[in-house]
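K.L.:
Keeping their order, the protein sequence lines are chains X and L.
Numbering of the first sequence is given in this note's numbering, commencing with residue 1 and proceeding in unit increments.
Numbering of the second sequence is given in this note's numbering, commencing with residue 1001 and proceeding in unit increments.
Derived from the structure by calculation, the hints contain no laboratory data.
Heads up, the beta-carbon is just placed ideally off N, CA and C, and yes, glycines get one too.
Careful, some of the hints might be misleading.
Straight-line alpha carbon distances no greater than 30 Å define the calculated DSSO-like cross-link-like pairs of lysine-lysine that follow [as the list claims (entries may be wrong)]:
id : chain 1 : residue 1 : chain 2 : residue 2
1  : L       : 1362      : L       : 1339
2  : L       : 1495      : X       : 339
3  : L       : 1495      : X       : 303
4  : L       : 1495      : X       : 324
5  : L       : 1045      : L       : 1210
6  : L       : 1386      : X       : 292
7  : L       : 1161      : L       : 1045
8  : L       : 1389      : L       : 1238
9  : L       : 1516      : X       : 292
10 : X       : 303       : L       : 1386
If you want the ones that stay clear, here's a sample from chain X, every Cβ over 12 Å from chain L, calculated [claimed, not checked]:
id : residue
11 : 34
12 : 39
13 : 82
14 : 146
15 : 204
16 : 207
17 : 266
18 : 277
19 : 291
20 : 300
21 : 325
Not everything, but these chain L residues come out facing chain X in the computed CB check (under 8 Å) [claimed, not checked]:
id : residue
22 : 1109
23 : 1111
24 : 1170
25 : 1307
26 : 1310
27 : 1513
28 : 1517
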Amino acid sequence: MPNFDTGHLFLTTLAPIKKGTTLDDRGVKVSHEQKIRTTLAILPTALQSPATEEIGINSPFARNLRTHLCRFMVLDDVVFNGRVKQDAIVTALSGEDPIHPRPVDQLTNSFLLFVADIDAVTEDGAPLPAKLSKAQQDEVRDAYARRLWETMEAEICEIYENCEGFDTVKDADGFADYLRRCQVETTMPFNDYWLNPPNLHQLPVKGMAAVALVPLLVALLGAIGWFTGSVPLLTWIFGWTPGWTFAGGLIATALTVWGAYAYTLRNGEKPMPPGEYGDLPSVLKSLYLQQKFADFAVRMQGKSNAEIHAAFGDFIAETQPENKMAPTQVPGVISIQRKNAIFEQ
Amino acid sequence: MTRQLNLDDIQGNVTRGYGRFSFPFARYFFLHIEDPEAGRKFVDKVRGKVTTAARWTPETKPKVTLNIGFTFMGLLQLELPTRTLQSLPDEFIDGMKARAHILGDRDPTQTHVGDSEWCRHWDPLWRNNRTGNGEDVHIWISMNAQLAAEGSDTPHSDLEKQTQWLRSLCDELDQKVRILATNGQSGEDEYQSASAILADIGGYKVPTAKEHFGFTDGIGDPVFEGQYPDEQVPDVVKGRGKWMSPERGWEPLATGEFLLGYPDESQELAPTAVPQNFMHNGSFLVYRKLHENVGSFREVMAAEAETYAATMDVSREEAEETLKAKMVGRWSDGVPLAKVPTYAEWKAFRKERGFEDPNPEKAALALSRYLRSPAASDFRFADDMKGYKCPMGSHLRRVNTRDYLDPLNQADSDNPDATTQLNKRRRILRRGLPYGSATLGTGDDTTEQGIAFMVVCANIFRQFEFIQQQWIQYSLDFNLGNTTCPLLGNHEHHKRHVIPSDPESGKQPYIMNRLKTFVETRGGDYFFLPSMTALRMMAMGIVDPT
Chain X
1 MPNFDTGHLF LTTLAPIKKG TTLDDRGVKV SHEQKIRTTL AILPTALQSP ATEEIGINSP
61 FARNLRTHLC RFMVLDDVVF NGRVKQDAIV TALSGEDPIH PRPVDQLTNS FLLFVADIDA
121 VTEDGAPLPA KLSKAQQDEV RDAYARRLWE TMEAEICEIY ENCEGFDTVK DADGFADYLR
181 RCQVETTMPF NDYWLNPPNL HQLPVKGMAA VALVPLLVAL LGAIGWFTGS VPLLTWIFGW
241 TPGWTFAGGL IATALTVWGA YAYTLRNGEK PMPPGEYGDL PSVLKSLYLQ QKFADFAVRM
301 QGKSNAEIHA AFGDFIAETQ PENKMAPTQV PGVISIQRKN AIFEQ
Chain L
1001 MTRQLNLDDI QGNVTRGYGR FSFPFARYFF LHIEDPEAGR KFVDKVRGKV TTAARWTPET
1061 KPKVTLNIGF TFMGLLQLEL PTRTLQSLPD EFIDGMKARA HILGDRDPTQ THVGDSEWCR
1121 HWDPLWRNNR TGNGEDVHIW ISMNAQLAAE GSDTPHSDLE KQTQWLRSLC DELDQKVRIL
1181 ATNGQSGEDE YQSASAILAD IGGYKVPTAK EHFGFTDGIG DPVFEGQYPD EQVPDVVKGR
1241 GKWMSPERGW EPLATGEFLL GYPDESQELA PTAVPQNFMH NGSFLVYRKL HENVGSFREV
1301 MAAEAETYAA TMDVSREEAE ETLKAKMVGR WSDGVPLAKV PTYAEWKAFR KERGFEDPNP
1361 EKAALALSRY LRSPAASDFR FADDMKGYKC PMGSHLRRVN TRDYLDPLNQ ADSDNPDATT
1421 QLNKRRRILR RGLPYGSATL GTGDDTTEQG IAFMVVCANI FRQFEFIQQQ WIQYSLDFNL
1481 GNTTCPLLGN HEHHKRHVIP SDPESGKQPY IMNRLKTFVE TRGGDYFFLP SMTALRMMAM
1541 GIVDPT
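Only chain X is shown next, with the shape it has when bound in the complex (with noise of 0.2 Å):
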């Protein structure tokens, strides 16, 4: 379920990684692990600190319009965290003999984990959806694999080089189809988008409440019948038998919560809507706004109504604010300050 939340993709693949040697650049024999890790080391990250703006490589990441965040990271193992706690009574009754160790998880080799956060579309800056069948989200991150390989297909086959399966991918397609071979399922993404609280799935409790409180009525009314023997009015009428309606209240009873149960957590299950402007080209122009703006009003200061007004005209003129796509702030980089950190038409 949680894939596809908030209009955005969550993405979670884990890739085997060979076992064995190969050669690094240097022409020392090295693990595939150990190239995997120093491809990664040296891939380039966005320009947000010093050191990367001075080297002036921008994330490959950065090459396309619907990343917000992604990582790539070596999962060695499974931590072994020390025995699972138990009860020492309930341990000696069982007859288990607490000096054996006990069978420990492990993984069977080092995965190369790949997450990202994307918009769900097929297009950059397509509007985000607010729904997506299973289907229509292999569609998306299909697309975006696609869109990985077509801007960034060297860093691509340097890094997944070293993993189990990938020597039979050629293009495009094979990309998107072993990507698709190592997703996982994501069980927690997270949001950072919300201009105002989003309008959440509310469960009408009440109602589900009710629902819930008539068959307990039923059983209830069912036990007092059977315990005090009679309830004369409804037996002559109805021929009534109160030790089958409470059976039959307490059996309507349980499925009653069952149900209720069941459909709070499916209401659970349900995406919650995209958060306005929580596409990438909209966070960027945002964020090429607001600098823009703060310089502008810091020119306006003192001056008068009619030369504000001219100059506001020049100002959405030049920012464009209804076109998200240009000009506007480039991935990756801190600030519009700095060098082509600019996108123009």
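Dock chain L against chain X, hints included.
P.N.:
Just chain L now, with coordinates in the frame of chain X:
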């Protein structure tokens, strides 16, 4: 029942800011320990002279005080046990120089390679510190002195006597503990001297609470349990403790926020070294020499005042006074904006309170009485969420956020139940005095003036460094992006300070946009302030953590 502190075991500068207790002169010495045994002997001799927190009577009040602190390198040189040393807090082990990035002392846009000379403007004493070349600072000794006589502008002669005693102690130890005489911009001073700025009232000199920009400083220091005698607490705690609720009002902060070995506001002990009685009743001290660029300040204020006066249609004088107040959060005389928000109200307030009495002596007395009264500290910010009275980015509101950051506050409405729950974990005791010329309004960026700034707190990382990094050099908590404190912030890259304006006044907000770095660090380090017990253990070489 409040726990009675063993005041005779605690160093005096933890509970008292000497400057406010009529000690307007100070000398700060920094010493190097060449030889551990000599170091221990030195500690043993000095501990007999240390001023404790014991309460004074007019008879027992000393003419000159003495306090001592140690850097991590100093404790290492005194051969404290490894287990004690390794359980000290990381930031203390690092020292101030290594924390320059966190503190905003280094340009965040420079790489290490491009900025290897980043501390070139520091005093030689601090430039040479932590280089391992025999110039490392190991010990801090402070002496504070009373006036020679009331109305004079010289310190009591005991100050020089005690200085001479320190010099001869170093001689006695064959200079194996020596005073690093590389203080000051030129690197030629034996000590960092400091003194309150003096006002001249008809030839009679009176120490003031002013610093070199002309602001009144050091008004609202926190109050913690055990610091003041019980009968003084209800008054002194107003605006200086923690605000609990409208029913409970102000209460003193937990002792453990400022003294080690006591529960702090989270009911935990602040992290520090073993054994327990080595750290108990001790604290940490941050020494920071803060240079004030008075020339730049005058220039920028003149330029901004001109624009402000034109934009807001007010006089130049009102413009400059208002801008200064909106930067700091108090008017230059110390009256808080939160209580007296506008220039006209301030003028009326001054008149009503007698600060403008034609008799300068009476005026000074009235002001001094006000600044020492709870009225000068007893205010909050949650009733001014939009900063119409006191801007969110002003210095005062940044460094002591009071109830402004209560988690239940809403940007658009008041929260009468707001408390200081978060703020109470980020309070510091400010010590120290101005240095440089004793008269106001002289000098420029190149002359020596500023504040020998000192902070006492139980956890340097959680208290001092947090305030410096998150509230002074960054503004996310105040929804002001990455602007910095208008007064103390680094303005190499962020030159703005937003002054909101009540829409009902019909005036626009004003954005100062020419700020320069007015205050820059010239060096400093982190020190451990041992208790008398710990000093004795160090002197005897029996700090046994087993």
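K.L.:
Output the numbers, in ascending order, of every earlier hint that fails for this structure.
P.N.:
5, 19, 20, 24 and 28
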